[in-house]
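So the chains spell out like this:
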Amino acid sequence: MPEEVLQQASPGLIPGSGSARVAKVTRLSPSFISWLQAGPMMLVFLAFFLIPLMFVVIVSFWDYNEYQLLPAFSGRGYTDTFEGCIAQLPELCTIAKTYLKTLKLCFLVWAITLFIGFWVAYFLAFHVKSKTWQMGLSLLCTIPFWTSNVIRMIAWIPLLGRNGLVNSGLVKTGLINHPLEWLLFSEFSVVLALVHLFTFFMVVPIFNSMVRIDKSLIEAAYDAGATGFQTLVNVIIPLAKPGIVIGSIFVITIVMGDFITIGVMGGQQIAAAGKIIETRVNALQFPAAAANAVILLAITFLIITMMSRIVDIKKEL
Amino acid sequence: MTETTRKNGLSRRTLLKGTAGFAGLAAGSGAITGFPYVKSADAKVLRYLGTAVNEGDDISKQCLKDTGIKIEYITATTDDVTKRVMTQPNSFDVLDTEYFSLKKLVPSGNILALDARKIKEFDNITPVFTKGETPGGKKIGNQGTAPWKVLYLEGKDSKKFATSATEFVTLIPTVYNADTLGIRPDLIKRPISSWAELLNPEFKGKASILNIPSIGIMDAAMVVEASGKYKYADKGNMTKEEIDLTMKVMTEAKKAGQFRAFWKDFNESVNLMASGETVIQSMWSPAVTKVRSMGIPCTFQPLKEGYRSWASGFCVSKGVSGAKLEWAYEFVNWFLSGYAGAYLNRQGYYSAVLSTAKAHMEPYEWAYWMEGKPAEKDIKAPDGSLLEKAGAVRDGGSYEDRMGGVACWNAVMDENDYMVRKWNEFIAA
Numbered sequence: 287m288p289e290e291v292l293q294q295a296s297p298g299l300i301p302g303s304g305s306a307r308v309a310k311v312t313r314l315s316p317s318f319i320s321w322l323q324a325g326p327m328m329l330v331f332l333a334f335f336l337i338p339l340m341f342v343v344i345v346s347f348w349d350y351n352e353y354q355l356l357p358a359f360s361g362r363g364y365t366d367t368f369e370g371c372i373a374q375l376p377e378l379c380t381i382a383k384t385y386l387k388t389l390k391l392c393f394l395v396w397a398i399t400l401f402i403g404f405w406v407a408y409f410l411a412f413h414v415k416s417k418t419w420q421m422g423l424s425l426l427c428t429i430p431f432w433t434s435n436v437i438r439m440i441a442w443i444p445l446l447g448r449n450g451l452v453n454s455g456l457v458k459t460g461l462i463n464h465p466l467e468w469l470l471f472s473e474f475s476v477v478l479a480l481v482h483l484f485t486f487f488m489v490v491p492i493f494n495s496m497v498r499i500d501k502s503l504i505e506a507a508y509d510a511g512a513t514g515f516q517t518l519v520n521v522i523i524p525l526a527k528p529g530i531v532i533g534s535i536f537v538i539t540i541v542m543g544d545f546i547t548i549g550v551m552g553g554q555q556i557a558a559a560g561k562i563i564e565t566r567v568n569a570l571q572f573p574a575a576a577a578n579a580v581i582l583l584a585i586t587f588l589i590i591t592m593m594s595r596i597v598d599i600k601k602e603l
Numbered sequence: 155m156t157e158t159t160r161k162n163g164l165s166r167r168t169l170l171k172g173t174a175g176f177a178g179l180a181a182g183s184g185a186i187t188g189f190p191y192v193k194s195a196d197a198k199v200l201r202y203l204g205t206a207v208n209e210g211d212d213i214s215k216q217c218l219k220d221t222g223i224k225i226e227y228i229t230a231t232t233d234d235v236t237k238r239v240m241t242q243p244n245s246f247d248v249l250d251t252e253y254f255s256l257k258k259l260v261p262s263g264n265i266l267a268l269d270a271r272k273i274k275e276f277d278n279i280t281p282v283f284t285k286g287e288t289p290g291g292k293k294i295g296n297q298g299t300a301p302w303k304v305l306y307l308e309g310k311d312s313k314k315f316a317t318s319a320t321e322f323v324t325l326i327p328t329v330y331n332a333d334t335l336g337i338r339p340d341l342i343k344r345p346i347s348s349w350a351e352l353l354n355p356e357f358k359g360k361a362s363i364l365n366i367p368s369i370g371i372m373d374a375a376m377v378v379e380a381s382g383k384y385k386y387a388d389k390g391n392m393t394k395e396e397i398d399l400t401m402k403v404m405t406e407a408k409k410a411g412q413f414r415a416f417w418k419d420f421n422e423s424v425n426l427m428a429s430g431e432t433v434i435q436s437m438w439s440p441a442v443t444k445v446r447s448m449g450i451p452c453t454f455q456p457l458k459e460g461y462r463s464w465a466s467g468f469c470v471s472k473g474v475s476g477a478k479l480e481w482a483y484e485f486v487n488w489f490l491s492g493y494a495g496a497y498l499n500r501q502g503y504y505s506a507v508l509s510t511a512k513a514h515m516e517p518y519e520w521a522y523w524m525e526g527k528p529a530e531k532d533i534k535a536p537d538g539s540l541l542e543k544a545g546a547v548r549d550g551g552s553y554e555d556r557m558g559g560v561a562c563w564n565a566v567m568d569e570n571d572y573m574v575r576k577w578n579e580f581i582a583a
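Going down the list, the protein sequences come from chains A and B. Reading the first sequence from the start, the letters are residues 287 to 603 in my numbering. Reading the second sequence from the start, the letters are residues 155 to 583 in my numbering.
Simulated from the structure, these hints should not be mistaken for laboratory data. Think of the CB as a built atom: it goes at the ideal place given N, C-alpha and C, for glycine as much as any other residue.
Below, a list of computed lysine to aspartate or glutamate pairs in the EDC-like style, where the Cα atoms sit at most 20 angstroms apart: (1) A:Lys387 with B:Glu406; (2) B:Lys394 with A:Glu352; (3) B:Lys418 with A:Glu564.
Here are some chain B residues the structure puts well away from chain A; computed CB gaps all over 10 angstroms: (4) Asp212; (5) Leu399; (6) Asn487; (7) Trp488; (8) Leu541.
DEER-style ranges, computed between Cβ atoms: (9) A:Val597 with B:Gly449: 55 to 65 angstroms; (10) B:Thr231 with A:Met328: 33 to 43 angstroms; (11) A:Ala382 with B:Gly449: 42 to 52 angstroms; (12) B:Gly449 with A:Val343: 50 to 60 angstroms; (13) A:Met328 with B:Ala230: 32 to 42 angstroms; (14) A:Ile402 with B:Thr231: 30 to 40 angstroms; (15) B:Lys224 with A:Leu588: 48 to 58 angstroms; (16) B:Gly430 with A:Phe409: 34 to 44 angstroms; (17) B:Ala230 with A:Asn351: 18 to 28 angstroms; (18) B:Gly430 with A:Pro524: 46 to 56 angstroms; (19) B:Lys274 with A:Pro430: 46 to 56 angstroms.
Take these sequences, add in the hints, and give me the full structure.
Structure below.
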């Protein structure tokens with residue numbers, strides 16, 4: 287998905303840098319030049335995204351046994367995935383439960399990162415005046431990425447664990463008698479870790495949209511007697527929409543496919559759409575894994591489509 | 155185009171000749187020292203694919219010293235090793251893998267059996283592998299993919315496992331162990347003697363099992379059988395109904411909050427135990443050692459129902475032939491000649507050829523690790539760090555007691571596909 291965003295963003299970025307060259311090579315038609323500009327990205331996109339994706343879709347309809355792929359048409363990857371979905375009614379089948387859980391985590395993470403990300407971006411764009419400070423403070427937001435994934439995960443145990451800092455602190459102050467079990471290896475810890483990691487992906491695009499807002503618009507709103515809240519709702523939020531949508535796309539696509547963070551922070555006890563794919567791949571059941579990947583892709587695509595219905599990013603940019 | 159190519163070819167050949175001549179001169183004169191790799195054209199390099207278990211730096215260094223073979227490790231998890239053999243059989247030379255994966259690897263035709271006659275110590279390999287009994291004559295449990303069931307092939311290129319000994323060996327045995335539950339004796343404060351304790355509500359929220367389906371299901375089966383809920387015909391080859399039943403018991407426990415977390419990675423298991431998040435869980439021997447070396451009490455608890463065992467060994471990729479195949483034999487022969495075996499024994503694993511490993515260990519080390527006797531002196535790890543103080547006794551005791559107590563082996567079942575689906579359901583429950 288990030289590629290798509292980049293592609294959509296690139297037409298706006300390239301003409302400025304390309305215009306100097308246009309003057310020299312006047313013989314080439316403008317449409318040829320645009321193809322030339324978009325070409326490299328398109329080729330990369332084709333070779334490393336579309337073609338592999340096509341293979342995934344094809345393989346998802348193959349059959350398999352313990353040790354090889356059988357290139358014969360079979361819907362087994364899909365039928366196995368939805369096994370028991372009708373028979374078990376009204377109880378939910380594995381795949382439905384898994385997706386409900388994934389969507390729930392995704393929604394929580396999205397809502398929280400949006401809330402925090404929006405206000406961090408707001409602070410950076412409107413309260414920090416100097417460009418240097420804006421840069422410095424945005425860099426601070428990247429701190430969660432300074433260590434490896436594994437270290438980050440392990441580091442949560444001494445903090446949130448049964449005998450961790452938070453629990454022993456709370457017990458000592460007398461607020462609780464027994465350590466809180468739900469601090470770690472729970473949905474709480476999964477959401478916490480994901481928010482901690484991905485708020486940055488919300489901050490950057492929203493900040494980017496906000497700095498481009500013409501300050502005179504805000505002054506005009508003030509002059510016209512709008513309260514701070516009215517200015518926020520009627521001026522700033524509508525103008526920051528593209529950033530909000532792009533940030534949301536980042537966060538949603540990452541969380542929908544995540545299985546490492548959910549696995550480690552959830553103590554491997556919380557199902558995730560990505561986790562099913564991993565288990566299948568590890569068992570060498572590639573067609574089943576591919577089928578699950580196609581389903582995940584379809585659902586993520588659906589969410590993104592719905593979001594771009596709300597805001598037309600192309601137009602807004 | 156052709157001319158340039160020829161020119162290049164010529165000049166390269168002359169260059170090569172020149173270098174060879176110079177190298178010969180250098181070697182002949184003996185004036186220039188410190189050039190052991192002048193013959194780099196046929197430097198003996200083997201790409202070694204395996205899990206981290208056998209891949210010690212000390213082993214590869216010693217091997218280079220003794221045989222001149224340079225080992226390039228390709229380290230992956232058990233699942234990834236299998237995946238790599240299936241999808242990139244030309245990306246490695248020597249394969250170090252577990253016997254249970256043979257049910258997938260052999261039919262794929264991507265690995266080559268080795269010739270038993272070319273393995274010097276083959277007749278000295280412990281009867282654990284060849285007969286399914288300990289050197290002392292104790293019968294070992296044969297449920298699951300026990301090594302002796304898949305040790306021989308019917309012919310050189312056969313994809314069928316032979317029922318009696320042939321010279322075509324699927325994997326030359328190297329290392330194995332008997333696994334059980336790890337516990338925190340300081341937090342449990344009472345004796346533990348059965349696998350059933352894993353689901354004891356007393357340890358609610360403090361238990362864990364590993365989230366690798368083909369190993370986890372075996373631990374689960376040990377628990378189900380120990381609690382008297384069901385007796386399997388073969389834990390290592392369950393029917394669909396048996397898989398359903400096993401997962402049902404585990405799912406109920408999971409829903410009741412029995413498990414604190416599942417683990418997948420060696421370090422995760424160490425952290426869970428060391429931090430006290432769990433007090434009883436499936437564990438691997440070196441992980442227990444690691445927790446203990448942090449100064450935290452941890453026991454690899456022998457249980458009355460027996461151990462779940464695993465074993466691994468060497469074979470080569472189908473792409474290996476000629477001189478490279480000879481190096482592979484040389485390497486495997488070196489591996490069984492004692493240094494590596496002693497190294498593995500000192501980590502708490504067992505080596506396939508006991509006699510050569512014994513010759514490379516101090517008598518007090520052998521007595522502690524293999525005979526279950528109290529340590530006469532401090533026991534040190536291969537890297538020199540202190541493992542146990544003098545007087546300590548190994549958990550589970552001697553080789554005879556531990557290997558003789560094996561109840562089942564890690565397995566790939568006939569219903570593996572179904573089992574993996576049910577495992578996903580268990581995680582989602």
